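Sequence order for the protein chains is S and D.
If you're matching positions, the first sequence starts at 936 in my numbering and goes up one per residue.
If you're matching positions, the second sequence starts at 49 in my numbering and goes up one per residue.
One or more hints might be untrue.
If you anchor each label on the Cβ, the simulated ranges turn out as follows [unchecked claim]: (1) 163(D) <-> 995(S): 41 to 51 Å; (2) 70(D) <-> 1045(S): 27 to 37 Å; (3) 1002(S) <-> 53(D): 35 to 45 Å; (4) 57(D) <-> 1017(S): 24 to 34 Å; (5) 161(D) <-> 988(S): 16 to 26 Å; (6) 55(D) <-> 1014(S): 35 to 45 Å; (7) 988(S) <-> 50(D): 29 to 39 Å; (8) 64(D) <-> 988(S): 14 to 24 Å.
Just so you know, the hints here were simulated from the structure itself, not pulled from any lab data.
Given the structure is predicted, the values throughout are model-derived calculations rather than measurements.
No residue lacks a Cβ here, since even glycine has one placed at the ideal position from N, Cα and C.
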Amino acid sequence: DQQVKQNSPSLSVQEGRISILNCDYTNSMFDYFLWYKKYPAEGPTFLISISSIKDKNEDGRFTVFLNKSAKHLSLHIVPSQPGDSAVYFCAATENSGGSNYKLTFGKGTLLTVNP
Amino acid sequence: GAGVSQSPSNKVTEKGKDVELRCDPISGHTALYWYRQSLGQGLEFLIYFQGNSAPDKSGLPSDRFSAERTGGSVSTLTIQRTQQEDSAVYLCASSSYRGSNNEQFFGPGTRLTVL
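Next comes chain S alone, as it looks inside the complex (with noise of 0.2 Å):
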């Protein structure tokens, strides 16, 4: 059973456009979320995170909102450069559990940023 979704396989956007990633999870106790971007060949690096307690964290050109009631989860990227072109994972945890390093990881959505 797939706890955390990404519904979405891939992505294309233009460059400048924006680009909304989606993530829906099924468990309840999670209460901390994460996206990690992977190039190929690379492993996954952290991008942004945001804890239940928000629905928004922004950090630069990258936004996430939480919507708790939807179990929904989304990542904002704007504006959109060639360069995001990359997997884009999403993933979640019980941070306040006795297992908050369990990391429940997505599929993944891979974005292609055209120029």
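Fit chain D to the given chain S structure using the hints.
Frame of chain S, contents of chain D only:
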């Protein structure tokens, strides 16, 4: 500074053989994680080491899988009697503190192919 390193980068083996995958975490990181990513799937948690505590092995898929972390640093993931379904990218990560940020730093992975 040096990131997480893994070796080998690629491993091709025959079904039934044993393989060892190595991970060198970031110096000073007390936590070490193994994940695997099968084709078309998200990252799947395998095992977690934190300092001298007993590891969390709850993600290991079968008793053919084992891992050690000697001296609190380097870790080896061993797969005995490999099967074709073991083919995946095996990723190692480390972190400095099991805190609210929970940022894990990933290595580039070992791509294992079982023929």
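Review point. Quick one: are residue 55(D) and residue 1014(S) within 35 to 45 Å, going by C-beta?
Key: Given about 39 Å between the Cβ atoms, the range holds.
Point to revise | Cβ distance range 14 to 24 Å for residue 64(D) and residue 988(S), holds or violated | key: With a Cβ separation near 50 Å, residue 64(D) and residue 988(S) fall outside 14 to 24 Å, so the hint is violated.
Check your understanding: If you check the beta carbons of residue 70(D) and residue 1045(S), does the distance land in 27 to 37 Å?
Key -> Between residue 70(D) and residue 1045(S), where Cβ atoms are some 29 Å apart, the hint holds.
Check your understanding: Per the hint of 24 to 34 Å, is the separation of the Cβ atoms of residue 57(D) and residue 1017(S) within bounds?
Key -> At roughly 26 Å between Cβ atoms, residue 1017(S) and residue 57(D) fall inside 24 to 34 Å, so the hint holds.
Check your understanding: For the pair residue 1002(S) and residue 53(D), does the Cβ-Cβ distance stay inside 35 to 45 Å?
Key -> With Cβ atoms ~38 Å apart, the hint holds.
Check your understanding: Does the hinted range 16 to 26 Å hold for residue 161(D) and residue 988(S) at CB?
Key -> Roughly 44 Å apart at Cβ, these two residues miss the hinted range, so it is violated.
Review point. Quick one: are residue 988(S) and residue 50(D) within 29 to 39 Å, going by C-beta?
Key: holds, 35 Å
Check your understanding: Range hint 41 to 51 Å: satisfied by the CB atoms of residue 163(D) and residue 995(S)?
Key -> With Cβ atoms ~45 Å apart, the hint holds.
When held up to the earlier numbered hints, the structure conflicts with 5 and 8 and fits the remainder.
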